[in-house]
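Participant: We have chain A; now place chain B onto it with these hints.
Protein chains in written order, with our numbering: chain A, 11 to 593; chain B, 11 to 593.
For identical chains, the list gives no copy identity; a pair is met inside one copy or between any two copies.
Below are the DSS-like pairs computed for lysine-lysine, each with C-alpha atoms no more than 25 angstroms apart in a straight line:
| no. | residue 1 | residue 2 |
| --- | --- | --- |
| 1 | K441 | K405 |
| 2 | K441 | K562 |
| 3 | K441 | K401 |
| 4 | K424 | K482 |
| 5 | K309 | K264 |
| 6 | K589 | K482 |
| 7 | K562 | K322 |
| 8 | K424 | K578 |
| 9 | K562 | K578 |
| 10 | K270 | K309 |
| 11 | K562 | K589 |
| 12 | K562 | K401 |
| 13 | K441 | K482 |
| 14 | K526 | K516 |
Bear in mind the hints are in silico, worked out from the structure with no lab data behind them.
There are 2 protein chains.
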Amino acid sequence: MALRARALYDFNSENPGEVSVKENEVLTVYSEQDIEGWFEGTNSKGERGLFPASYVEILRNDAASTLNNNSCSTSGDSRYANVPSGGFDGSYQPPNKVENFPKASPPAFSFSAPPPQPHHGYPQPSQGSDDDWDDDWDDSSTVADEPGTGGGRYHDYEGNGPSTYRVSTSSMARGNAQQAKSSATVSRNLNRFSTFVKSGGEAFVLGEASGFVKDGDKICVVMGQYGPEWQENPYPFTCAIDDPTKQTKFKGMKSYISYKLTPTHTHNPVNRRYKHFDWLYARLVEKFPVISVPHIPEKQATGRFEEDFISKRRKGLIWWMNHMSSHPVLSRCDVFQHFLTCSSMDEKAWKQGKRKAEKDEMVGANFFLTISPPAAPLDFQEVESKIDGFKTFTKRMDDSALQLNATVNEFARKQISGFKKEYQKVGMSFKVLSQAFEMDQQPYSAGLNQAISFTGDAYEAIGEYFAEQPSKDLDPIMDLLALYQGHLANYPDIIHVQKGALTKVKESQKHVEEGKMDRTQAEGINERCNIISCATLAEIQHFHHIRVRDFKAQMQHYLQQQIAFYQKITGKLEEALQKYDNA
Amino acid sequence: MALRARALYDFNSENPGEVSVKENEVLTVYSEQDIEGWFEGTNSKGERGLFPASYVEILRNDAASTLNNNSCSTSGDSRYANVPSGGFDGSYQPPNKVENFPKASPPAFSFSAPPPQPHHGYPQPSQGSDDDWDDDWDDSSTVADEPGTGGGRYHDYEGNGPSTYRVSTSSMARGNAQQAKSSATVSRNLNRFSTFVKSGGEAFVLGEASGFVKDGDKICVVMGQYGPEWQENPYPFTCAIDDPTKQTKFKGMKSYISYKLTPTHTHNPVNRRYKHFDWLYARLVEKFPVISVPHIPEKQATGRFEEDFISKRRKGLIWWMNHMSSHPVLSRCDVFQHFLTCSSMDEKAWKQGKRKAEKDEMVGANFFLTISPPAAPLDFQEVESKIDGFKTFTKRMDDSALQLNATVNEFARKQISGFKKEYQKVGMSFKVLSQAFEMDQQPYSAGLNQAISFTGDAYEAIGEYFAEQPSKDLDPIMDLLALYQGHLANYPDIIHVQKGALTKVKESQKHVEEGKMDRTQAEGINERCNIISCATLAEIQHFHHIRVRDFKAQMQHYLQQQIAFYQKITGKLEEALQKYDNA
Chain A
11 MALRARALYD
21 FNSENPGEVS
31 VKENEVLTVY
41 SEQDIEGWFE
51 GTNSKGERGL
61 FPASYVEILR
71 NDAASTLNNN
81 SCSTSGDSRY
91 ANVPSGGFDG
101 SYQPPNKVEN
111 FPKASPPAFS
121 FSAPPPQPHH
131 GYPQPSQGSD
141 DDWDDDWDDS
151 STVADEPGTG
161 GGRYHDYEGN
171 GPSTYRVSTS
181 SMARGNAQQA
191 KSSATVSRNL
201 NRFSTFVKSG
211 GEAFVLGEAS
221 GFVKDGDKIC
231 VVMGQYGPEW
241 QENPYPFTCA
251 IDDPTKQTKF
261 KGMKSYISYK
271 LTPTHTHNPV
281 NRRYKHFDWL
291 YARLVEKFPV
301 ISVPHIPEKQ
311 ATGRFEEDFI
321 SKRRKGLIWW
331 MNHMSSHPVL
341 SRCDVFQHFL
351 TCSSMDEKAW
361 KQGKRKAEKD
371 EMVGANFFLT
381 ISPPAAPLDF
391 QEVESKIDGF
401 KTFTKRMDDS
411 ALQLNATVNE
421 FARKQISGFK
431 KEYQKVGMSF
441 KVLSQAFEMD
451 QQPYSAGLNQ
461 AISFTGDAYE
471 AIGEYFAEQP
481 SKDLDPIMDL
491 LALYQGHLAN
501 YPDIIHVQKG
511 ALTKVKESQK
521 HVEEGKMDRT
531 QAEGINERCN
541 IISCATLAEI
551 QHFHHIRVRD
561 FKAQMQHYLQ
571 QQIAFYQKIT
581 GKLEEALQKY
591 DNA
Chain B
11 MALRARALYD
21 FNSENPGEVS
31 VKENEVLTVY
41 SEQDIEGWFE
51 GTNSKGERGL
61 FPASYVEILR
71 NDAASTLNNN
81 SCSTSGDSRY
91 ANVPSGGFDG
101 SYQPPNKVEN
111 FPKASPPAFS
121 FSAPPPQPHH
131 GYPQPSQGSD
141 DDWDDDWDDS
151 STVADEPGTG
161 GGRYHDYEGN
171 GPSTYRVSTS
181 SMARGNAQQA
191 KSSATVSRNL
201 NRFSTFVKSG
211 GEAFVLGEAS
221 GFVKDGDKIC
231 VVMGQYGPEW
241 QENPYPFTCA
251 IDDPTKQTKF
261 KGMKSYISYK
271 LTPTHTHNPV
281 NRRYKHFDWL
291 YARLVEKFPV
301 ISVPHIPEKQ
311 ATGRFEEDFI
321 SKRRKGLIWW
331 MNHMSSHPVL
341 SRCDVFQHFL
351 TCSSMDEKAW
361 KQGKRKAEKD
371 EMVGANFFLT
381 ISPPAAPLDF
391 QEVESKIDGF
401 KTFTKRMDDS
411 ALQLNATVNE
421 FARKQISGFK
431 KEYQKVGMSF
441 KVLSQAFEMD
451 QQPYSAGLNQ
461 AISFTGDAYE
471 AIGEYFAEQP
481 SKDLDPIMDL
491 LALYQGHLAN
501 YPDIIHVQKG
511 ALTKVKESQK
521 HVEEGKMDRT
531 QAEGINERCN
541 IISCATLAEI
551 QHFHHIRVRD
561 FKAQMQHYLQ
571 QQIAFYQKIT
581 GKLEEALQKY
591 DNA
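Extracted from the complex, chain A is given alone in its bound form (with noise of 0.2 angstroms):
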């Protein structure tokens, strides 16, 4: 049952999965009851997740009534069915305003503590049970910008560790830190959405994770020439992304667009819709916690039959496809198998998979027992140094992405529109001036006048070559920048579990010097941590793999199109000038 609260104070969030709440916004909270001294809502602005439930008032019907807010989202295409319309007034001062409102320590609990049931209450991906499989929810499931998984701009992960995350001074969260400060030991996360403790990395590195491992489960780690990296798909394949047509069903009341997708290891084409893709990056983003799996193409309400749009998001899936199929683990991993190769016309076949892949138990924590790593374990400085250089770099790629994409994506408009416009108008004026020329009837003239008149077609036409060129060689940058700006975005969820391991190896190692833990729980948490850490270095090494293949590929790409594009002109202006031998 959804309420309504009022925000008392300013909340920043830090963590993924938190939100961030300003004074007096009205919010919706999905129950009363708080999670650990946190609530799980959606702020005015309608993005879903956490914030300290002592930061908000819970506003009864008699109070929510009486208040009106213009400021609230009113809209009807809310993303959330139950959130009310209306709000809250402005002009309300909180009685109890405290300004520098006291933050609480860390709180933390030992072992002892019973564990969080986890996931229970955080809104999880998509299952997509098999009843509304055929349901039309290409734009309504939600995972692709679920907050927490990621999908946001790049986060600022600094100091996203225990020491700095902040919690609600809820009576039971002092209690923890109160219990923390007596019974210091391996501590786990109170923050049951740091990722470090969603993805299952502190459940594994624990030594919580249990699970049987298949032969052809395991995914090996070997040490290559850089470092460790993920053993090559023996057998590489490609997949093609066909045109997408428009099916109806239900007698035409339901359309949809269907993807041909051909791999080249069966040559056997599927067809599949934007919801299988959602459905699949939703297992693939639960199973792989340190694996980036990018973003599928953003969902969108309106005029997903235009034209535009469906070949956008085609484009979309064919890089999201070209990453997967090139992806050591990914692509070989069984749901992607059962979404490339299960015949569409297969039902009962489709189905099973479907369930398959929804129970699969080597998920998150147990999706790390799965990793074979190489023989000699890692020097773990070596490997923090390494991830701290690899973070610097994100951050920078990431500005720098972000800076290009914005000059690329101005330098398109204004070839589109300021571009073509000044070579129009100067083709129309030596138009106009041929058409004066017109005026003199002498003979002598005549060839000039014409050679004018080409010249200016031919800077009309010069123009619209500048507005059609984006498409050409800025767009795909665009493209290739998107996918990598969706990596970036995963990458502080990664490393923060490779640092939440590492963390766990560096306090059970002063734990053993206080004599507080035995030497060999510490070398198992060290064995676990090196998993992690191989594994992320191995997802590290194949991201810089594949970042200097695609902007290689696509910087070839762009200058070609760029040199063909000057051709072009050049050509045309070559034929505006041959016109003048004769006149």
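Facilitator: Just chain B now, kept in the frame of chain A:
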């Protein structure tokens, strides 16, 4: 003695030589004595010319001292040192304001009336006495942009004939109007500032010109394929203008720029200053009534030793000289030959030639005496139709030249600023991306990083190419347009002379029919109108020939430069693309 006056009514100039004045505008009048109902003076914008005496009132000292108008030009750089500062208060209401001021009928007087003193009281083109020849009057003589010599924008010369020009209502003018009505005959134009009168066209048509024409002075109009044309110069030549140098005299007290001219028919370089060009221009304008002498490049009060200005003026002089030396009549005339061939060292010879040119009797009306028309007289109806067609043509060409000039000017500005900026922003963003990539120390990324960095440099260079390009291709187009806009501004006057002659023919025919004129007199008018028509059509034919030649050459040059430009860009991009081969 200059006097101040106030305009009582608006007056819009309709003829060259007149200036417009606004009601209440404070004017400077050079003499209280009107010239046939006109005052000569300067309006508040500093424009010099004629306005009707009855439209203004002279301000006596006491009245002037009480008036103060801020909108009056009080800047110190007025071209006329005797324009008093201060002015007229806009709040002042003229006591005798008359709406719909009655305009007098066009006055005229018969042949028996005393002819007006030619040019008396009207500003003369630079004569430059020998005494002041050595003065530094580069930028103080005022021929090139003298009002009434066609220096302004294209004049609308519709209705510029005697039937519509505006005259004053002074008693003298009214008296003449009465006189005209009582003795109708081939009328003399009252407005001594009409081009037809000024040029000597009227005097020639009426048979009043007389002079001794030497054989060497004969100018032949021949019947060519397309109508009358100037006989070709049998000894064609061109003239180089070398890089101007700064010279000093009076021990460095005075500086000037000297241009080295080298005509191909003598190979003897001579040094000439801007004032010499200015003097020559004045001689040619005075001498040739129906020949379009292009304007010399504009004067500039400040910065005349700056490189940009010198280079621009030199280009303008090259265009000017190019036109001069390819004109069959101008290229052969004595004063131009003197200018081109007289040694700059031989001051005596120079002064002799200069004096001779200034005393040349075959100027204005007498110039027509030197013209030898083709044997068969022209059909005046056909001439009129050709002239009208040309009039329409020049209007259209002027409009289109104006538009092209504005477009090209804007296009150049965009390339220098906007285009350059866009390309350089793209270049900069690539550079930033390559710098981010350099954070990754993977050896396999190094080649790509360098290639992207090079691509960034390439786009910065291309931005520079864009900024540099207009001086190579658009500037020459603008120079060409400026030259032709100058020609187009000359043609209204030229056409006016021919039309004036044709009107005289029509009047004489009517008078013959009415028995008021004998046939011999009318035939003389016919013959002389034929000469003016032949010269005008020959000049128009020449204009079309050089127009086709110049625009063809310039368009070819423009396109060649453009092609080279886009090839240069392509080359730079190809260079960048190659960097990826080993990346």
